[in-house]
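**Student:** Input sequences plus hints: build the corresponding full structure.
The sequence shown finishes on residue 115 if you use this note's numbering, and the numbering steps up by one all the way, no holes.
Don't read these hints as lab results, they were simulated from the structure. From a predicted model like this one, the values you see are computed outputs, not experimental measurements. From the three backbone atoms N, C-alpha and C, an ideal C-beta is built for every residue, glycine too. It is possible that some hints are incorrect.
Claimed, not checked - Simulated restraints on C-beta separations:
{"no.": "1", "residue 1": "Asp42", "residue 2": "Glu20", "range": "13 to 21 Å"}
{"no.": "2", "residue 1": "Ala61", "residue 2": "Glu36", "range": "22 to 30 Å"}
{"no.": "3", "residue 1": "Gly93", "residue 2": "Ala40", "range": "29 to 37 Å"}
{"no.": "4", "residue 1": "Ala91", "residue 2": "Ser69", "range": "31 to 39 Å"}
{"no.": "5", "residue 1": "Lys115", "residue 2": "Glu43", "range": "31 to 39 Å"}
{"no.": "6", "residue 1": "Gly45", "residue 2": "Leu99", "range": "33 to 41 Å"}
{"no.": "7", "residue 1": "Pro102", "residue 2": "Leu28", "range": "17 to 25 Å"}
{"no.": "8", "residue 1": "Ala91", "residue 2": "Pro22", "range": "30 to 38 Å"}
{"no.": "9", "residue 1": "Phe30", "residue 2": "His83", "range": "16 to 24 Å"}
{"no.": "10", "residue 1": "Pro102", "residue 2": "Gln59", "range": "24 to 32 Å"}
{"no.": "11", "residue 1": "Ala57", "residue 2": "Ser8", "range": "25 to 33 Å"}
{"no.": "12", "residue 1": "Glu20", "residue 2": "Glu87", "range": "32 to 40 Å"}
{"no.": "13", "residue 1": "Asn39", "residue 2": "Lys115", "range": "17 to 25 Å"}
{"no.": "14", "residue 1": "Arg11", "residue 2": "Leu112", "range": "15 to 23 Å"}
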Amino acid sequence: MFEPTLPSIAREMQEMAGHEGPPLDVRLRFVPRALEALNAGDEEGCINHIADFVETAVQQAQEKGEHPSCVAFAMFSMARGRHATEERLRAAGCSIPVLTSPDTAVLRMKALLSK
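**Tutor:** Set out below in structure tokens:
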């Protein structure tokens with residue numbers, strides 16, 4: 001949701017993917033008005049901005065013949081929009097997973113601790 005972080009997020013995602021295999025095809029998007037709504041105390045508005053934006057972006061990608069494999073919310077603050085986004089995508093006939101930074105961080109921590 002914080003636009004200046006997009007370049008660093010792209011680098012981090014490529015680094016996490018590692019050097020084995022093809023690079024990730026990452027399509028970064030900034031969700032306008034979501035952070036402003038959150039800062040104004042309008043959490044529901046923030047969630048709706050996120051879900052609306054993602055639904056539209058996925059539909060536009062599909063119209064171009066692209067098939068996104070997932071949606072990833074790289075910013076922790078966007079995780080609050082996961083369930084609403086999943087519902088919107090399901091209603092639109094799209095069942096791609098929605099990943100969040102907190103969930104991914106917990107799974108990584110579990111993997112590291114189980115070694």
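**Student:** Please go over all the hints and tell whether each is borne out by the structure.
**Tutor:** Tested hints:
In this structure the supplied range 13 to 21 Å is violated for Asp42 paired with Glu20, their Cβ-Cβ distance being about 43 Å. Between Ala61 and Glu36 the CB atoms are about 25 Å apart, so this pair conforms to the stated range of 22 to 30 Å. Distance hint check: the CB atoms of Gly93 and Ala40 are about 33 Å apart, consistent with the given range 29 to 37 Å. Taking 31 to 39 Å as the suggested C-beta distance range, the pair Ala91 and Ser69 does not conform, at roughly 20 Å.
Restraint check, Lys115 to Glu43: a C-beta distance of roughly 37 Å satisfies the suggested window 31 to 39 Å. Between Gly45 and Leu99, the C-beta spacing of about 23 Å breaks the proposed range 33 to 41 Å. The beta-carbon spacing between Pro102 and Leu28, approximately 19 Å, falls within the hinted interval of 17 to 25 Å. Distance hint check: the CB atoms of Ala91 and Pro22 are about 32 Å apart, consistent with the given range 30 to 38 Å.
For Phe30 and His83, the Cβ-Cβ distance of about 21 Å falls inside the hinted range of 16 to 24 Å, so the restraint holds. At roughly 26 Å, the beta carbons of Pro102 and Gln59 sit within the given window of 24 to 32 Å. A hinted range of 25 to 33 Å is violated for the C-beta pair Ala57 and Ser8, which are about 21 Å apart. Range check, Glu20 to Glu87: Cβ separation about 35 Å, and the 32 to 40 Å hint holds.
Evaluation of the 17 to 25 Å hint for Asn39 and Lys115 yields a failure: the beta carbon distance comes to about 40 Å. In this structure, Arg11 and Leu112 meet the distance hint of 15 to 23 Å, their C-beta atoms being roughly 22 Å apart.
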